[in-house]
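Novice: Letter by letter, the chains look like this.
Protein chains: 2
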Amino acid sequence: MPTFKPSPMLDQMHNLVTEIQSNICTALETLDSKKFHTDTWQRPGGGGGATRVLEEGSVIEKGGVNVSKVYGDLSGQEIEMFKTLVARVAPEIVDQLTHASFGATGVSLVIHPLNPNVPTTHANYRYFELNTEKDHLWWFGGGADLTPYYLNEADAIHFHQKHKEACDTLSQTAYPSFKQECDQYFYLPHRGETRGVGGIFFDYLRQESKETYFQFAKTCGQAFIDAYVPIVSKNRDMSFTHQQREWQLYRRGRYVEFNLLYDRGTLFGIKTNGRTESILMSLPNIVSWKYNYHPEAGSAEEKLTQCLQNPQKWV
Amino acid sequence: MPTFKPSPMLDQMHNLVTEIQSNICTALETLDSKKFHTDTWQRPGGGGGATRVLEEGSVIEKGGVNVSKVYGDLSGQEIEMFKTLVARVAPEIVDQLTHASFGATGVSLVIHPLNPNVPTTHANYRYFELNTEKDHLWWFGGGADLTPYYLNEADAIHFHQKHKEACDTLSQTAYPSFKQECDQYFYLPHRGETRGVGGIFFDYLRQESKETYFQFAKTCGQAFIDAYVPIVSKNRDMSFTHQQREWQLYRRGRYVEFNLLYDRGTLFGIKTNGRTESILMSLPNIVSWKYNYHPEAGSAEEKLTQCLQNPQKWV
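Chains as they are written, first to last, in the working numbering: chain A, 1 to 315; chain B, 1 to 315.
Any given hint could be a false lead.
Note that the list lumps identical chains together, so a pair holds whenever it fits in one copy or between two copies.
[Claimed, not checked] Calculated cross-link-like contacts (lysine-lysine; reagent style DSSO-like; alpha-carbon spacing at most 27 angstroms):
#1 Lys234 - Lys303
#2 Lys290 - Lys218
#3 Lys271 - Lys83
#4 Lys313 - Lys303
#5 Lys218 - Lys5
Simulated from the structure, these hints should not be mistaken for lab results.
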């Protein structure tokens, strides 16, 4: 048990993200010939998780939906790792932080479909807390974004619309702000491209009550299903060419580059000795890199590239 | 032109690495049905390079041999990026470093063969200098390492032996020290594995004269050809199964993980706005990730994995 007691929200949120995981897997399983396989694992320092993976399905080539609840004491070098997080929510306590306990729970998923006409997607909803003798710091984070291989404006609008409706339950300023944060976060500076057509992204939410953000995470979890599942359902049986498949594998390279070079969750997980297989399940099962490749002028591939170089207002 | 004048070694070393590039490409072309294609490029801030790439050859599935000579003035945010380097060679000047010019030249290559029986290899020889009003800092770095998909002890020994002979021309302690640095550098902590069977790695060489290290780089460039080309020649026509090909694609995932998560050259290049295509030409053209994959007990695949978990003394 950690030195400082976790707050009730850690379990409350863990129950929610477990429910979101179950609902998402069930919804996706209705579209695929295969079922998710479940691995449960323990974290030596405290807590554990359940990683649900579907590989080589009829629709999903590789998909992972991971839930974890981890907690424990922090000191020495570990606490240094967390200071960058604490600096964002309580800069005044960073300097005297020598001993604390933390708790974190969340759901994180990446779905890589087989058909290049079906976009890849990622979503993540999480709660984090840090307890010291005097302080109880906490925040919520999360988001969902869509990464198409071929641009379908109606799908992008639908994905954003469903997430806008979820954000509107929090406030009228939430969607425009979280949409912009998403475009900024999922950006590859070395390519001058966003990862995909965006969605929403937020972190360090703590101004309102825990219950407010808990309800918001719940709303977002359902919104993700309403946003993504119809896009899969609509496009999964479209025919595609070998060349379109090659383009998909090439674009997946960008996904790998983003996740390994920039993604805060991936890097934090790897550096804090998290469970490697649960962190890197986000990587596609087949990927390709070509030297200095540029799609043909006027092609659908070039149209997507241009869209990623110029983030758009979808709703 | 940069404010402070580069030393003659910048051009001298650039000539050498251009010659090494040419010799290596010529040697590899004798084994392949395809030739290297050459792209020359300019760096906006000063200098440029020549990137030579061979894709989808009969022996080399993707190979890149890059030479660059870059230089320019550093100030503001750029100089911050270089302070971690300067801290290694002249910690006493880091604090007052506000304006400097730098020069760097080197050859860097990665060869990903098609046949899983032929190891991937990487080599890099480079010279770096930093000039201020008062100081002229310089150092050499480099190395070469071998990444097999199937362990062939004789090949590993041969690769190490040739590099040991090169190191022995510098000093008797060079090989044991550079071999150990290689095992430490090409290590994936999140996998508990080295990237391959190692080779040599060194950085910040500056105790002897520039000419000493220049000659050493020259010797190493030739040693690399003597070390690698016979291994390719010997194994390129071996037959392989679909399952062995899959294992190769899976292992290539580790190569991508290392390069994007840890490789100092890659990360430095990406963060300092280097030429993306020349930096990421190191990534294989087809790669796969499988969730929580473990090779069968007693298999050749498991034998390799165990070797990577326990670095060995080869010569």
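Novice: Now look at each hint and say whether the structure bears it out.
Specialist: Structure-based check of each hint:
1. Lys234 - Lys303: within (21 angstroms within a copy, 46 angstroms between copies)
2. Lys290 - Lys218: neither (41 angstroms within a copy, 31 angstroms between copies)
3. Lys271 - Lys83: both (14 angstroms within a copy, 23 angstroms between copies)
4. Lys313 - Lys303: within (16 angstroms within a copy, 53 angstroms between copies)
5. Lys218 - Lys5: The answer is within: 25 angstroms in one copy meets 27 angstroms, while 62 angstroms across copies does not.
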